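**Student:** If you want the building blocks of each chain, they are given just below.
Protein chains: 2
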Amino acid sequence: MKDKKKYAVGVDLGGTNIKIGLVSPGGNISKRLSINTEAEEGPLKVIENIKNGIHAILSKAEIEVEGIGIGCPGTVNPAKGIIENPPNLTGWNKINLGRAVSMEFEKDVYLENDANAAAIGEMIFGNGIKLNSFIMVTLGTGVGGGIVIKRRIYRGEFGAAGEIGHISINYKGPKCNCGSYGCIEAYAGSNYMKERIRNELKKNRNSLLLKLINNDYNLISPKKIKDAADKGDKFSRLFIIDLGEKLGAAFASLTNVLNIGTYIVGGGVAGFGRPLFDSIRKSLKSRVMAQNKNHIKIVAAKLKNDAGIKGASALVFHGF
Amino acid sequence: MKDKKKYAVGVDLGGTNIKIGLVSPGGNISKRLSINTEAEEGPLKVIENIKNGIHAILSKAEIEVEGIGIGCPGTVNPAKGIIENPPNLTGWNKINLGRAVSMEFEKDVYLENDANAAAIGEMIFGNGIKLNSFIMVTLGTGVGGGIVIKRRIYRGEFGAAGEIGHISINYKGPKCNCGSYGCIEAYAGSNYMKERIRNELKKNRNSLLLKLINNDYNLISPKKIKDAADKGDKFSRLFIIDLGEKLGAAFASLTNVLNIGTYIVGGGVAGFGRPLFDSIRKSLKSRVMAQNKNHIKIVAAKLKNDAGIKGASALVFHGF
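From first to last, the protein sequence lines are chains A and B.
Taking the working numbering, the leading residue of the first sequence gets 235, the next gets one more, and so forth.
Taking the working numbering, the leading residue of the second sequence gets 235, the next gets one more, and so forth.
Bound conformation, chain A alone:
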């Protein structure tokens, strides 16, 4: 008799790397690898790389595999396995990646947008295990979002829902790469943030942060800013508080609309840690409508560096 709890393969398809892992039902990665995406070679090459990677993970594995989960950028139709115009992957247009992989391995393949996969990862393995509804926010280069309502991803009319990075907090604010203005991503996206700090540091030459990065702006990171703030640097402390206030403002609009007050926040920028979380919470609580004030909860994501692989494998355990 076979063990009822089979393993899953999780594939985190990014513009630079494809990360693949063999994941236990408990969320442990027992085997992993990372290969170059070779995005510039076009979709056929990328799909070949994905297949080769999965073969490598499965070879010599004495574990039975339930299915393969793939998290990828762009708009995804999970039911059909189709990925559409993924950013950072050139020449993809509309491709049935799900079928390509399932035919190769004769396994069920679960395809999902990476922000939604992160949400499902937290729901299955992380801090969303006991939550019915929550909003997953991934603070990285972009600000990604996954909306979980009654333990299902909310997808909208054609699978493009959850773009909470493109809630505008200032309709006359800075231009966002989406074409609009004042989107929260245009403040909290890591590149926008670095640019802003670079400019503001020019007016704050005595900030401790400049010492911590040895005057090398390329070394600016959430961790460095947090370290400076922890050591009493006023500039860094105010920067984090300001960022939290802005995120809280975007979340308040969202909570008023969705009547969901629980946020799981992950990604590199979440490395600001407690000062950021406290500031988000304060801003959000002060801004949401009265009926939502007692239902606000901001928690850090549990899945850290392996959120991509674990989120993708969670798709298999979650099912459609």
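Any given hint could be a false lead.
Identical chains share a label here; the pair holds if one copy fits it or two copies do between them.
[Claimed, not checked] 27 Å max Cα-Cα, derived BS3-like pairs, lysine-lysine:
id, residue 1, residue 2
1, Lys384, Lys240
2, Lys239, Lys536
3, Lys516, Lys406
4, Lys538, Lys384
5, Lys406, Lys428
6, Lys364, Lys437
7, Lys460, Lys328
Because the hints were derived from the structure by calculation, they are not lab data.
Values in this document were obtained by computation on a predicted structure and should not be read as measured data.
Got chain A; can you put chain B on it based on the hints?
**Tutor:** Leaving out everything else, chain B in the frame of chain A:
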């Protein structure tokens, strides 16, 4: 054998008046009345007034009634028939209005928040008949919202969802009566708008609008502003365009999150008509993310003055 298509009673419970109508399955009001709410007398008196009104509507009616629908302000639990802290109704706290009415008439009673009832009204009788998902916006004293996803109202965690009037477009904008800043209601709510026009007219003494209202600021209305704009008044025209741009900015955040691009817009402020709708559409299209741009549709509500009664009666025809 009874006619399968019975009538419904629709009750529009407001802070000043209770409007009640007998509505056919096709959405025609065959009998109607309006009585004072007497909100200041407390909930027992208001409930008595509702019952008396329904009795009056039903007396001598030779039509069979399927059920009673009630649209009311505040947070509502439709399944339980409970209304919670309705604004403009003092001393209500938490009352099972549904049971009080159903026991009196031995009919099914369908209770719903008024903004959601307006959405269901458009879905059953109005411009939402053929729509799967849309967002209903009621522009009045407040900016109300009802989110319809796959022909069901989206309610959120405890029935307080859809507050699209409290999407902020400027986190440092004017104070809103909800306590937050820059909510779209703080720009588009009719009282905020009148106040703004009053102030701006001081700097635009030669605006035709001042003539149309005989210098009496109490006469400011969307209709007057539209009339002035139609007659070439630049101030009025720019005011409407600016309002549309702001509404479009709020809607863009919402469409990016919900991946729903269809809006039905009603309420008194929608009386600005086509110039406003054109401006909303232009702003929204220019601001939403690429994948949503070809899915934008802004239509006027079909139910006008009787939206309250018809929306409430539509609850009966829609069912739970």
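**Student:** Give a verdict on every hint.
**Tutor:** Each hint, compared with the structure:
no.: 1; hint: Lys384 x Lys240; verdict: within (25 Å within a copy, 35 Å between copies)
no.: 2; hint: Lys239 x Lys536; verdict: within (22 Å within a copy, 55 Å between copies)
no.: 3; hint: Lys516 x Lys406; verdict: both (24 Å within a copy, 16 Å between copies)
no.: 4; hint: Lys538 x Lys384; verdict: within (24 Å within a copy, 35 Å between copies)
no.: 5; hint: Lys406 x Lys428; verdict: both (21 Å within a copy, 23 Å between copies)
no.: 6; hint: Lys364 x Lys437; verdict: neither (46 Å within a copy, 57 Å between copies)
no.: 7; hint: Lys460 x Lys328; verdict: neither (41 Å within a copy, 46 Å between copies)
Violated hints for the displayed structure, listed by number in ascending order: 6, 7.
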